[in-house]
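Colleague: Chains A and B, in that order, give the protein sequences. 69 is the number that numbering that gives the first Met the number 0 gives to position 70 of the first sequence; each next residue is one higher, with no gaps. 75 is the number that numbering that gives the first Met the number 0 gives to position 76 of the second sequence; each next residue is one higher, with no gaps.
Because the hints were derived from the structure by calculation, they are not lab data. Owing to the predicted nature of the structure, the values given are computational and were not obtained by experimental measurement. There may be inaccurate statements among the hints.
[Unchecked claim] 25 Å max Cα-Cα, derived DSS-like pairs, lysine-lysine: (1) K232/B to K81/B; (2) K83/A to K227/A; (3) K93/B to K11/A; (4) K222/A to K83/A; (5) K1/B to K93/B; (6) K11/A to K232/B; (7) K227/A to K81/B.
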Amino acid sequence: MRFHTAFFYDIKIQIRHGLYAVYILVSLFYIIALYQIPEQYREMVGVFITFSDPGVLGFFFIGGLVLLERNQNILDNLFITPYKVEEYILSKALSLTVLSIISSYAIHISVFGFSFGMILFLIGVFLTSMFFTIFGLGVAVRSHTLNGFFLLSSSYSLIFCLPLLELVGIDYSLFMLLPTKGALLLISTAFSPINMLEMIYAIGILLFWSLVAFWWARRSFYKMIIFKASEGKTL
Amino acid sequence: MKAVFHLIRGDMRQIYRDPMLFISMVGPILLILLVRFIVPFVTAHFAIESYNVLLASFFILLIPLLLGVMTGFIMLDERDDKMIDYFAVTPLSKIGYLIYRLLFPGVLTIFYGIVFVEWASPESLAALDTLLVIVMLAMEAPIICLCLVALAANKIEGLALSKGVGLVVFVPFIIYFVPLPWQLVGSILPTYWTANLFLVGDISFGMLLIIGILGIFIHILYIVFLSKQFLRKID
Chain A
0 MRFHTAFFYD
10 IKIQIRHGLY
20 AVYILVSLFY
30 IIALYQIPEQ
40 YREMVGVFIT
50 FSDPGVLGFF
60 FIGGLVLLER
70 NQNILDNLFI
80 TPYKVEEYIL
90 SKALSLTVLS
100 IISSYAIHIS
110 VFGFSFGMIL
120 FLIGVFLTSM
130 FFTIFGLGVA
140 VRSHTLNGFF
150 LLSSSYSLIF
160 CLPLLELVGI
170 DYSLFMLLPT
180 KGALLLISTA
190 FSPINMLEMI
200 YAIGILLFWS
210 LVAFWWARRS
220 FYKMIIFKAS
230 EGKTL
Chain B
0 MKAVFHLIRG
10 DMRQIYRDPM
20 LFISMVGPIL
30 LILLVRFIVP
40 FVTAHFAIES
50 YNVLLASFFI
60 LLIPLLLGVM
70 TGFIMLDERD
80 DKMIDYFAVT
90 PLSKIGYLIY
100 RLLFPGVLTI
110 FYGIVFVEWA
120 SPESLAALDT
130 LLVIVMLAME
140 APIICLCLVA
150 LAANKIEGLA
160 LSKGVGLVVF
170 VPFIIYFVPL
180 PWQLVGSILP
190 TYWTANLFLV
200 GDISFGMLLI
210 IGILGIFIHI
220 LYIVFLSKQF
230 LRKID
């Protein structure tokens, strides 16, 4: 019950602060842009866009959400209540993932129509968004300003972008260890089916990294917010 | 040698610790290097060199976008932290604060813009064109910054807006692909006029002057309107 309330409240906040409105605009923009792209590249660009925008939008917004709540001293008061840090992290990640899924679904069906791989595609977006949002939360509690957050998060996440190079033909088997590889695999199932083994790998690697991110974000949260290890620093 | 190395390391750490300094130094330089070295390589690879000018007119808009958004984030943080109220009671005053903050991205844009046009751009512009482009660019950074702080109530709304506002850098594609009477829809956006100077090709001196004066007029209109909006908001 407590979790439900938090989750719907998070979504309400996101709607009120214009996240949904702006994503209607952004999704429309992508739909129009995708139609302008020559057909032979359209699917590849579609995968890239789905991953790099709706897929990781939580990573972008979580910084603002956490910084604002910390700034308004909501966090200090929140955790005197029975509300748990784990619930906080999950509620933030799940609520932003809802927007990820709606946006990528809308872009996909408007440009490519319905397809068989739809379920796996959406699972891909779901897991990608969960991983990146939770990971972003771990970065957010370490920062004190928006610019600090973006600087930290882009340096932390650089390594996760490496598998994107496969879209231009550069691929190393080591990339298999990164969650992005699994994400791209699942998101591209909308166009080219994958076999059982690939599916298990992709879901497995994303789940594994999400758990690692969750463990790290939870630890960071305790350290930085509950025990206030970062007070007095300026980044 | 070792002593110098330590100094450099110390300086690098200092730069990194201040996200604003880091982003404003590294971002535009990376962008300029990208346009100078990587874009010609990629377009040659795909045999689409004819798009070089279009891409240059797009990438140059990213300089004021980056610096404007970065300054906008600083101001959003400062407003959420109630810092602006403190500045307002010092001799600096609110207007002084606003001018100081807006000058920073504006002046930097002039500097990077000149380097971009003179060194990185695939097509060199005539002197008057360059002057007009730089003047308009220099006003675009404050406009983008003002958009965030004048229209957003807090940093989350600011983040959402930065996504939407960021789309204005795609205006060059409208000019390039949409035929004339229709593309005028884009002319209410400041970036339309900057990109136009890149893309119109050979035109008469009178025409150039008209584009320049209209463009600068629209930029000033945005700055005045948004500044008023911002000052009203922090009252």
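Colleague: Taking the numbered hints from earlier one at a time, note which ones the structure violates and give those numbers from smallest to largest.
Modeller: 3, 5
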